[in-house]
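**Q** The chain contents come next:
2 protein chains.
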Amino acid sequence: MKAIDVCLSPDLMHLYPVQDRTVVVVDILRATSCITTAFAHGVNRITPIANLEECHAMKDKGYLIAGERDGKKVVGFDFGNSPFEYMQPQIHGAHIAFTTTNGTQAIAKANGAGEIIIGSFLNLSSVTDYLKASANNILILCAGWKGKINLEDTLFAGAVVDALSDVAQPECDAPRVAQHLYNTAKSNLFDFLKDSSHVQRLSRLNIHEDIRFCLTPDKYSMVPKLSDGVLGV
Amino acid sequence: MKAIDVCLSPDLMHLYPVQDRTVVVVDILRATSCITTAFAHGVNRITPIANLEECHAMKDKGYLIAGERDGKKVVGFDFGNSPFEYMQPQIHGAHIAFTTTNGTQAIAKANGAGEIIIGSFLNLSSVTDYLKASANNILILCAGWKGKINLEDTLFAGAVVDALSDVAQPECDAPRVAQHLYNTAKSNLFDFLKDSSHVQRLSRLNIHEDIRFCLTPDKYSMVPKLSDGVLGV
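As they're listed, the protein sequences go chains A and B.
Counting with this note's numbering, you get residues 1 to 233 for the letters of the first sequence.
Counting with this note's numbering, you get residues 234 to 466 for the letters of the second sequence.
Next comes chain A alone, as it looks inside the complex:
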């Protein structure tokens, strides 16, 4: 049986050796949901960039530039961080440079992993099928919020641990915490998340529609994967 572990915050990544692991990076609200949506709508590739200025500079190299800081679209960027923006026709065939408060930082922290893939509820079954078919041990890396853990990424981690319970053994207590939380919440994820810090923060930005969308399981079938610093499918 392979091993599965969950890193609930990028600030704990020093505890997890990943050179021989598949790392699933998750930032449900909303980076990895946007990435999944973009690939479902024909984006060619996405280059995740942790640094805002570096991302901005990619505009001159012919990239569309996208992302957010503190939940808000950046001035001068082509797209923000709502998945609905990544359904537009100009996405098709595009190369996007993408930076977000937490998601792209988490991808950077996974550097050196055997393999890095992108997970969201939108492609949940594709991710779990992919992990089942691979011999690799697994680490789910939750992006959280500025180092702190959050409910929505923990819930997604729990959903993956739960789906793999016949084939992957929790290595530590974090996967168990996540799985228990998911089983408590799964009948109505949106209601469960209502009082979370992120939903409260995002509510001020008026995006309940985004949140409902980001909690929809299996809307898309594909697994974005990082290769030489660039995401593709």
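In short, the hints are calculated from the structure, not lab data.
Check the hints yourself; a few may be wrong.
The list that follows gives simulated cross-link-like pairs (lysine-lysine, DSS-like), each with its CA atoms no further than 25 angstroms apart [to be verified]:
no. : chain 1 : residue 1 : chain 2 : residue 2
1   : B       : K379      : B       : K305
2   : B       : K379      : A       : K146
3   : A       : K186      : B       : K419
4   : B       : K292      : B       : K458
5   : A       : K2        : B       : K458
6   : B       : K235      : A       : K146
Fit chain B to the supplied structure of chain A, relying on the hints for placement.
**A** Structure of chain B alone, referenced to chain A:
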């Protein structure tokens, strides 16, 4: 309403400013359960020491020396890390120097807090009564296991958040995760913990009796408090 937050791992303490907070340090299996038991049996004071060699050196200064590394009593130490050892008559009036794998490291990480107290299920209501009576905001610091989170400390944090729900507002998602977990587990904490990594590790050391004892709520009434680096009541 005051604020309550939970730091699930000492390795996340850089995210939590604590200079004006009461920090509750918790290491259920077994450092803070031992500390509580020792004070209930008349120990005079306990000096927590993160470093093993420094703790050893306290023997020559007239202290009883106590603690563990990786769950095992240290050669030459007077007491290990089972709460039952701290019920012996020679505890009464003693000064103990105490070091453990995670608990005393967590106390060290709380350095600089407005106030540092010791929590365990054994003194749960004393701790929550103390926190209710204070105007301070609260941080519960879980000792975890070598930086990783664990179930038992998270459950205790959830029990405190739950007991204070009328007077203290969660600041972030970690208190919510802990509270949900506690509400799932509270009808039978021992059964819930059976598959946790720590219980599995300790089972090899044959100490189910310790674990049952450490999960007993409100056996003792007192709140150990750190003052000038020394715990007293």
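**Q** Quick check: which numbered hints come out false for this structure?
**A** 5
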